[in-house]
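Novice: Protein chains in written order, with this note's numbering: chain A, 6 to 325; chain B, 190 to 781.
Please note that the accuracy of each hint is not assured.
Within a straight-line C-alpha distance of at most 25 Å, the following computed DSS-like cross-link-like pairs (lysine-lysine) qualify [unchecked claim]: (1) 187/A with 445/B; (2) 187/A with 429/B; (3) 429/B with 381/B; (4) 645/B with 611/B; (5) 235/B with 781/B; (6) 486/B with 235/B; (7) 486/B with 435/B; (8) 360/B with 372/B; (9) 486/B with 168/A; (10) 65/A with 360/B; (11) 360/B with 381/B; (12) 289/B with 486/B; (13) 381/B with 734/B; (14) 239/B with 289/B; (15) 187/A with 486/B.
Everything labelled a hint here was simulated from the structure, so no lab data went into it. From a predicted model like this one, the values you see are computed outputs, not experimental measurements.
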Amino acid sequence: MIAYVVRRLLWGVALLFLVSALTFVLFDVLPSGEPARLRAGRTASPQAIAHVRQELGLDKPIYTQFYDYIKGIVLHFDLGYSFYSHASVSSLIADRLPATISLAAGAVVIWLLTGVAIGIVSAVRRRSWLDHAAMGGALVFISAPEFWLGLVALFLFAADIGKFPILPGAGSYTGLLADPGKWFGSLVLPWLVLAAGFAAIYARLLRGSLLEVLGEDHIRTARAKGLSERRVVLRHGVRGAIMPLITVLGLDIGTLLGGALLIEVVFDIPGVGRLNYDAITQSDFPIVQGTVLLAALFIVLANIVVDISYAYLDPRVRLR
Amino acid sequence: MLHKGARRRTAALSITALLALGLAACGSGGESSVHQKAGESPLGQKLYGKHRGGTLIVYDHEDFEHLDPGEAYGAEDYTVLYAVTRPLYSYPPNSATTLKPDVAAAPPIISNGGRTLTVHIRPHIYFSPPVNREVNSGDVAYAIDRGANPNVANPYFGSYFGDLVGAEAAKGGPIPGIETPNKYTIVFHLTKPSATLFYGALSLPLSSPVPPEFVKPLDAHSPTTYGTEYLVATGPYMLKSNSQGKFLGIGYQPGKSLTLVRNPNWNPHTDYRPAYLNQIDVNVGGESSVIGQQVLKSTDAVQNDSPAPSIVQQAYQHYPRQITFTPGSGTYYASLDNARGPFTNIDLRKAVWAELDRDAIVKARGGSLAAQPMTHFLYPGVAGFQAAGGAAGLRVDYNEHPEGDPTVAAKYMKLAGYPSGKYTGSKTLQVVGSNGEPEQAMAQVVNQALQNLGFKTHLSLLEQSAMYDKYCTVPAQEIDVCPNVGWARDFADPQTVLYLPFDGHAITPSGNSNYGQVNDPAINAAMEKATLTVGEPARADAWAKIDDMLVQDAVAAPEVYASDAQIEGSDVEGVDQLWNSGAWDYDFTSLK
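Could you build the full structure based on these sequences and the hints that come with them?
Specialist: In structure tokens, the structure reads:
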């Protein structure tokens with residue numbers, strides 16, 4: 006088991022290295038703003054531009070820049086400095102991460118509770134009006150772009166601009182430690198919007214998986230043994246059907262911790278996603294690189310956690 | 190300078206509904222700009238005698254670029270800097286042409302045939318904590334000295350302060366051409382008789398006094414940490430800071446918020462600004478259409494950057510008293526490569542000018558309140574605009590029909606050697622535009638005009654900074670047409686509108702603002718002469734004549750004069766800076 010985890014971690018490091026290299030190359034190859042010019046101004050003299058390029062290390066060959074970057078991470082956990090604010094990327098990410106974690110954690114709880122419940126009900130009441138309504142509704146939420154759904158939610162329910170002003174709207178995010186009540190209130194709408202699409206996917210996924218499991222022999226055996234239907238479904242059916250959800254959940258959490266970009270932008274939540282979005286529009290490469298690396302790190306870790314959890318949830322799986 | 194928000198996105202104002210309303214154009218023909226609330230006749234802005242107190246909420250979906258007066262060069266940064274720092278001279282918000290002494294006590298005394306300026310500084314102006322001392326002439330000298338410091342990377346030092354004696358060799362240390370004979374007097378010695386232009390440049394933030402004892406150690410860092418961590422105020426407001434004067438993490442959270450509070454050391458007796466507000470809270474980030482809604486439905490908020498097109502439409506229709514359009518925000522034109530390719534032929538350039546449907550571009554930008562057809566290169570509000578023909582521009586046939594005139598275009602195509610009236614060469618034009626809105630639509634109109642003339646085109650639409658930095662400002666890329674470039678003045682002098690974009694000497698291998706590589710010896714010589722002309726009326730005339738030459742040479746295809754939109758909450762008595770593309774002036778804005 007330990008050997009497995011170590012091996013996966015080493016692969017993870019290799020993957021992160023590749024992601025970093027790819028980001029470097031993409032930033033260099035694709036048309037984007039010239040950081041030195043953006044920093045120095047469009048009418049800056051060539052000398053001023055050259056100085057800024059030197060100052061930012063942009064005058065070095067790309068492989069040297071990449072080597073310096075990796076060296077900084079490995080030796081000092083230094084992700085570099087923003088081209089604009091000159092703040093350290095690590096501190097900027099650390100400053101933004103609590104908002105992103107808050108957003109992701111609440112949304113995960115909501116979509117798991119609703120998605121799993123709806124999936125089970127739909128599977129158990131297959132082809133009933135409840136099933137049709139639930140799956141129809143799920144299709145709507147899957148199809149609706151998150152960005153659009155967020156705007157609709159704000160225009161309907163936000164305290165400042167909504168038709169039914171009942172919940173704090175965009176820009177109301179408050180840190181958990183600053184004011185837990187306000188923190189909770191400010192995240193209700195973003196949680197619901199972010200969870201809506203995921204809950205719909207999970208509900209459909211679980212329904213399909215559960216229907217398949219409920220048709221298997223061991224379920225018939227359980228029923229034949231006289232177990233209650235509730236026990237059959239929850240104990241024997243859901244346990245078997247939930248594996249695909251675990252796989253997806255791990256990846257989704259990993260992705261979200263890297264920043265729920267659209268939701269953070271719409272609801273003006275100062276999280277990692279918005280940090281990344283702003284950095285992309287400003288060609289602030291160190292931040293882009295840092296946030297991409299963070300997202301990749303979370304996905305790698307989430308994958309490892311998912312694989313390990315398989316062994317506990319499914320007796321047929323053994324880690325080697 | 191570039192337009193407000195041009196770094197990432199220019200003002201986006203494509204509002205078809207405005208067109209349907211058939212709005213009358215706001216005053217675009219005069220030397221003086223007018224501030225207009227939508228749906229009303231033009232109003233002068235009420236500047237004095239308003240309610241004091243309160244906190245203004247400012248929404249800004251983009252972050253600030255630079256808060257160092259030595260580095261800042263954007264309309265949105267200026268809104269904060271002109272509330273916090275005071276240059277030697279400044280424009281009151283309702284004027285784009287008349288400078289007022291600010292830290293200076295009076296207009297400069299110009300002597301030595303326009304080679305020397307003597308400026309007296311007001312006494313009793315104090316720096317904010319933790320410096321807490323009176324401003325003197327040495328602080329102004331240091332502020333300008335540091336413009337040449339590579340760690341500061343001032344974007345316009347060479348253009349406007351390069352005529353100071355010894356400026357060429359300056360690296361941040363004392364510039365020989367700046368003397369401070371006493372604590373209230375500063376003397377500038379120039380190598381050329383360019384005092385009028387230099388006087389205008391003293392309205393830029395670079396002339397705002399900076400305390401050397403506090404800032405020199407910060408300037409030793411590469412890049413300087415002044416403006417990113419620390420800032421000392423002389424204006425009515427300061428960034429909320431700790432006792433050491435550090436604002437980073439206190440009054441400014443990058444990408445999140447910025448807080449301006451009253452500067453306890455500000456002396457209102459030395460300042461013409463009323464400073465009604467107690468505090469200004471800037472919220473950075475968010476989605477543009479949400480921000481717009483928040484502002485329109487608020488009582489105490491404004492949007493600092495350009496509102497989304499849908500919000501402009503909504504504001505015009507439902508909140509007409511909460512939206513303003515400021516004429517004279519700058520120009521948009523299509524650069525044509527004068528140096529190589531088909532557009533070295535002047536008749537082909539004239540054909541494009543004649544064919545281009547400028548009215549369609551006005552529509553793409555939101556109609557006649559948001560833009561007016563451009564007829565020449567000086568724009569409303571800039572000295573020389575009227576002398577160069579006003580709104581109608583120079584009377585030449587290719588300039589007569591803003592809706593596009595295929596007949597005149599065909600005439601010039603024939604003169605260019607294409608008897609059919611269509612281009613028959615093998616060249617495929619490289620056209621690089623912006624993928625933002627409404628720039629994309631504007632680029633399509635230009636592209637269509639080129640195709641109507643028979644050109645084969647390859648149109649690439651990119652993120653705006655990429656369009657500028659990788660293509661349109663790099664002559665080696667050999668881009669034939671850049672349909673989304675533009676310009677706005679740095680201050681009232683017409684040289685700031687025409688010199689960098691059209692003088693052959695201004696062409697650089699990268700970061701080139703002369704997008705079409707215009708390099709006509711006659712125009713260059715006229716500019717050389719005009720730069721040395723002393724006196725505002727004489728300069729206006731000289732640059733108006735150059736403007737005529739640019740039109741006669743059809744150096745680019747003009748599109749529109751921009752009028753930027755601003756929105757405010759219901760209880761905000763917002764005041765726009767007419768000299769700064771209509772950006773909010775926090776020193777004059779108040780709450781009811």
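Novice: Now tell me, hint by hint, if it's right for this structure.
Specialist: Status of the hints after comparison with the structure:
Annotation: proposed proximity of residue 187/A to residue 445/B holds, straight-line Cα distance about 17 Å (limit 25 Å). Distance restraint check for residue 187/A and residue 429/B: the Cα-Cα separation of roughly 24 Å lies within the 25 Å cut-off, and the hinted pair is therefore satisfied. Taken as a hint, the residue 429/B and residue 381/B pair is broken in the structure, with Cα atoms around 42 Å apart against an allowance of 25 Å. About 11 Å separates the Cα atoms of residue 645/B and residue 611/B, which keeps this hinted pair within 25 Å; it holds.
A threshold of 25 Å between alpha carbons decides the hint, and for residue 235/B with residue 781/B the separation of about 12 Å falls inside it, so the pair holds. With a CA separation close to 23 Å, the supplied pair residue 486/B and residue 235/B stays within the 25 Å bound. At roughly 35 Å between alpha-carbon atoms, residue 486/B and residue 435/B are farther apart than 25 Å, so this suggested pair is violated. A distance of roughly 24 Å separates the Cα atoms of residue 360/B and residue 372/B; the hinted pair therefore holds under the 25 Å criterion.
A C-alpha spacing of about 11 Å is found between residue 486/B and residue 168/A, which places the hinted pair at or below 25 Å, so the restraint holds. Taking the CA atoms of residue 65/A and residue 360/B, the gap is about 24 Å. The hint holds against a cut of 25 Å. Distance hint between residue 360/B and residue 381/B is fulfilled; the C-alpha atoms sit about 21 Å from each other, no more than 25 Å. A distance of roughly 36 Å separates the Cα atoms of residue 289/B and residue 486/B; the hinted pair therefore is violated under the 25 Å criterion.
Taking the CA atoms of residue 381/B and residue 734/B, the gap is near 22 Å; set against the 25 Å cutoff, the hint holds. In summary, the hint linking residue 239/B to residue 289/B is supported, as the alpha carbons are separated by about 21 Å, within the 25 Å threshold. A C-alpha spacing of about 22 Å is found between residue 187/A and residue 486/B, which places the hinted pair at or below 25 Å, so the restraint holds.
The structure does not agree with the numbered hints 3, 7 and 12 stated previously, though it agrees with the rest.
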